[in-house]
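Enquirer: Protein chains in written order, with this note's numbering: chain F, 3 to 312; chain V, 19 to 259.
What the hints contain is simulated information worked out from the structure, not anything from laboratory work.
Bear in mind the structure is a predicted one, so any value in this text is a computation, not a measurement.
Incorrect hints may appear among the rest.
Stated by the list, open to error - Pairs of lysine-lysine, DSSO-like flavour, derived with a Cα cap of 27 Å: (1) F:K69 / V:K109; (2) F:K245 / F:K235; (3) V:K20 / V:K109; (4) V:K245 / V:K224; (5) V:K109 / V:K164; (6) V:K122 / F:K139; (7) F:K235 / V:K122; (8) F:K139 / V:K20; (9) F:K235 / F:K139; (10) V:K122 / F:K69; (11) V:K224 / V:K82; (12) F:K139 / V:K109; (13) V:K109 / V:K122; (14) V:K20 / V:K164.
Unchecked claim - Negatives, chain V to chain F, calculated, CB over 12 Å: (15) S63; (16) D113; (17) V154; (18) A161.
As the list claims (entries may be wrong) - Beta-carbon label-pair distances, calculated as ranges: (19) F:Y199 / V:R197: 40 to 48 Å; (20) F:L223 / V:R199: 42 to 50 Å; (21) F:Q310 / V:K245: 33 to 41 Å; (22) V:D56 / F:G308: 20 to 28 Å; (23) F:V241 / V:Q42: 37 to 45 Å; (24) F:S275 / V:Y58: 53 to 61 Å; (25) F:F78 / V:D143: 24 to 32 Å; (26) V:P57 / F:G185: 54 to 62 Å.
All residues carry an ideal CB built from backbone N, CA and C; glycine is no exception.
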Amino acid sequence: MHPALSVIFFTVTAGAGYGVLFLLGISRLTGLTPDASPDQVTLMGVVGLVLVTAGLLSSTFHLANPKNAWRSFVRFRTSWLSREAVFAVLFYPVCLIWLACDFFMGNTTTTNFLGLLTAFLCIVILICTGMIYASLKTIRQWHTALTPVNFVLLGLLLGALILGFMLASQGLSTATLMSVALGVVVLAALAKIVYFYWIGQPAGPTINTALGFTRATVRLLDVGNSSDTFHNKEFGYQVDKVKLIWLRTISMILMALLPLLLISGVFGEVGSSTLLLAALSAYAGVFVERWLFFAEARHVVNLYHGFQRT
Amino acid sequence: MKLGLVIDLDTCVGCHACAVACKQWNTSGTTGPLTDYDPYGENPSGVWFNRIRSFEVDEYPNNKTVNTPMSCMHCDDAACVTVCPTGASYKREEDGIVLVDQSKCMGCNLCAWACPYGARELDEDAGVMKKCTLCVDRIYDEALPKEERQPACVMTCPTNARFFGDFDDPNSEVSTMVRERSGYSMMPEVGYNPVNKYLPPRQRPKAPTVEKKEAASGQSLIGKWMKRQKDAFNDFGKGAR
Numbered sequence: 003m004h005p006a007l008s009v010i011f012f013t014v015t016a017g018a019g020y021g022v023l024f025l026l027g028i029s030r031l032t033g034l035t036p037d038a039s040p041d042q043v044t045l046m047g048v049v050g051l052v053l054v055t056a057g058l059l060s061s062t063f064h065l066a067n068p069k070n071a072w073r074s075f076v077r078f079r080t081s082w083l084s085r086e087a088v089f090a091v092l093f094y095p096v097c098l099i100w101l102a103c104d105f106f107m108g109n110t111t112t113t114n115f116l117g118l119l120t121a122f123l124c125i126v127i128l129i130c131t132g133m134i135y136a137s138l139k140t141i142r143q144w145h146t147a148l149t150p151v152n153f154v155l156l157g158l159l160l161g162a163l164i165l166g167f168m169l170a171s172q173g174l175s176t177a178t179l180m181s182v183a184l185g186v187v188v189l190a191a192l193a194k195i196v197y198f199y200w201i202g203q204p205a206g207p208t209i210n211t212a213l214g215f216t217r218a219t220v221r222l223l224d225v226g227n228s229s230d231t232f233h234n235k236e237f238g239y240q241v242d243k244v245k246l247i248w249l250r251t252i253s254m255i256l257m258a259l260l261p262l263l264l265i266s267g268v269f270g271e272v273g274s275s276t277l278l279l280a281a282l283s284a285y286a287g288v289f290v291e292r293w294l295f296f297a298e299a300r301h302v303v304n305l306y307h308g309f310q311r312t
Numbered sequence: 019m020k021l022g023l024v025i026d027l028d029t030c031v032g033c034h035a036c037a038v039a040c041k042q043w044n045t046s047g048t049t050g051p052l053t054d055y056d057p058y059g060e061n062p063s064g065v066w067f068n069r070i071r072s073f074e075v076d077e078y079p080n081n082k083t084v085n086t087p088m089s090c091m092h093c094d095d096a097a098c099v100t101v102c103p104t105g106a107s108y109k110r111e112e113d114g115i116v117l118v119d120q121s122k123c124m125g126c127n128l129c130a131w132a133c134p135y136g137a138r139e140l141d142e143d144a145g146v147m148k149k150c151t152l153c154v155d156r157i158y159d160e161a162l163p164k165e166e167r168q169p170a171c172v173m174t175c176p177t178n179a180r181f182f183g184d185f186d187d188p189n190s191e192v193s194t195m196v197r198e199r200s201g202y203s204m205m206p207e208v209g210y211n212p213v214n215k216y217l218p219p220r221q222r223p224k225a226p227t228v229e230k231k232e233a234a235s236g237q238s239l240i241g242k243w244m245k246r247q248k249d250a251f252n253d254f255g256k257g258a259r
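Just chain V, same shape as in the assembly (with noise of 0.2 Å):
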């Protein structure tokens, strides 16, 4: 087995439910407290599992904004775990999930440094590495209805934007997702093999644009003259990009 997630980046708005969701379940879960530091003061700050970016894709007017909501991606070559000196941190040979043994770590950050996506953070209180568990406590836990042995994040999402499930079957909701809407890696250079995987948004028409009327017509010899004014300046430092 290969659980992970599948995040629709055409879907998600960015809301944050997925975050919160998993800082409650996961603050009195195995892992928990996920510590906050100063929740009440002027800069609360703390261990989050879960963080969701957003950022302009392209330029006017074929921008889109795009939230990106991201956790551990349980790699298949996980190099928090091999640079990991004490064992705590590990990645179950039965489902591919990526976990740190709070008993064992020592806190010294580097498997946070070794993780390109910002998936581990030091709780500072408790001096040991927390991370993601795909709420290993949840998906296993047969005294939950079935349709509940799911990762609070994917629960809770209001726009169904996130998906749960096995990468080694290949008929599979997240499989089949994945081959049909090119599913992809973040920054898969790394070659850390990610499994969680991002869903690309959908092609759509451009969004329409208000057409200004031409002030000039082009016909007339002043016309072409601004016109040509016009375009030098529309050009200018095109090319410097």
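Chain F with its partners taken away, still in its complex shape (with noise of 0.2 Å):
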């Protein structure tokens, strides 16, 4: 698949504020944040807000006909994209309560209440935006329960580091954090390396079952085509081997094992500095990983071009 960066920009952006919002809105509840002002975490949740605007303004440029996007809430039943837009938009004044709420009245019931819901929101955006891509059947790469645990792993991961900057940077305790950060790289690491290996499996349709042809090899003689097409363009996009093991390496190194060591004091006392440099290598490896889930990504149209399998 073409990796169009507006989609990747998007889903790493957005992905990172969400998870932001979802540690910051159930901070008051476990501890996360035990010496944060009310004034200081509306300010942490504003940033949050602000990567989340920045990525949903991004996603816009990825459609063709902007000017209808806003009919995008429309088919909520069945299309996961329309699922997403809807609690993308519902998310908006649920959390500016929210963020209201704990500036104004502080650490009160409805505060921690409003927290959770829109902790709750991010969470499930995350999974619709997973699972916009896990619903589609043409594409095996993505048609698979690992998609939207990456995504949500993906985006705690990088809310977890950022808002440990944030907190760094304000002189608070970031410990109780930290620890849930390392757990979240683990996690993150595994579920990527368990998804490696899936992908890596031989599976769904073939040349042979894409034409009919079942008993004997078919090879593509003629496309059809004397120049590009839509199809080759969208879903023509592949990536040298050698390239995609360096990448996949980068980003892993970049996403995981940097911010892994950085945040587990393995170079000394762990700062603001070290917490940025962490939050920006993190962000770094997930923008590569979220370029390779792209690229790496074989639609089975691909089949019709020549390609014996996906």
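Grab the two chains, each in its own frame, and use the hints to assemble them into the complex.
Expert: Laid out in structure tokens, this is it:
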């Protein structure tokens, strides 16, 4: 699949924003940010919202006809993209009311309830985003439960590191959050490794089932078009195998290994600069991971363009 | 009613006439234009509802060229419809034709991603998704003579390899043909239940091949040895396939 930068930026950045807001939403109940004052929570919440908004704006650049984007709330019953759009819009008033409550009322039951509701919506939206891809039977690299799992875990990973940096730079305690972050980094890395093995297994349609000639070899003689088509441009993207392995390694190092070493204190005391480095490294790593997520996906229509298997 | 096409892979010669007729009719039809990019330049490209690819099936001397015209299969379980967030993509209750409402489409490409058959193409100029309409603006047009109320691709096919009809009627021409000639669906394992069916090439006697006269009789010692070498050479690598 063609890796469109607008979609990659959207899923990574909005994912990070939802991660920040999820952890912030449950922070009062779980004691992730024990010493943060209401205005500090609000400020960090606003940063999360900015990330989410930047991502959502970027997602509209992917549309060929954005003036009809408002119609995307219609097919809520069947379309995961519609569900994502509905929840993403529903999310704003809930999140804003929660942040306002936190700012004006501080740590109250209402605030905590609204925070919990925001956190819940964050996870729901991340799952919806993952399911847009996981629901496509035509791309076996995406049609797996690991897709939404990865979207959620990587969103939380970025959220934890960005929130950690914000806490540390305001001189607040990050101890509890960092132990959570350690767990999330390990889980996210494991899920991604399982995913790589999963998509490495041969499966799915072949050129034989695509054409119905299952008892003989089939090869493409003539694709029928003399220059690029919509299908070539959208689905024909292929990554060189050597480059693929390098990029997988780079993304795993940047998004998991380096942040893991940084926050576990291998390179000295965990301060705001360490956490900034960890957050930036993870962001770059997840960006490469998301690029690979698209670039590695092989749509079945390629079978009609000469691929022997997907 | 369940309208769709039957395509005979036995008689299709891959002339692309159906694709051209489709383009000609639909570019001025309800979903037109079928925009071309750089039409007179180095790399002419554009929107087509029908594309023909040629494949070689099996190995010499049993090989055969198979031409596969492919357009929208008007699937019974059309995922392009269910994934569409705006409701632009829909399947008609009355005849099963899958259509795109151009005024509602936001050009997100998700339906094209969901389609295994490459039936949907984005018009980059209009910013909306376009696809085969089964010539919905022809087949119900009472101003046309009855025999012309068929899709343009079916009308034009010079080898009579394309048929249009109602698959819900067990005695229609298309249903009968599918039954009698083992019509099948492409890529059924994706589970969309495509309505369009393909008729496999008919079985024919093997094409005559010229037998080479044996160089060695295989009787003498040297002849036997040479034959063994030749067989070993011919079998080399066969197990690896």
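Enquirer: Out of the numbered hints, which ones does the structure contradict?
Expert: Hints 15 and 20 are the ones this structure does not satisfy, whereas the remaining hints hold.
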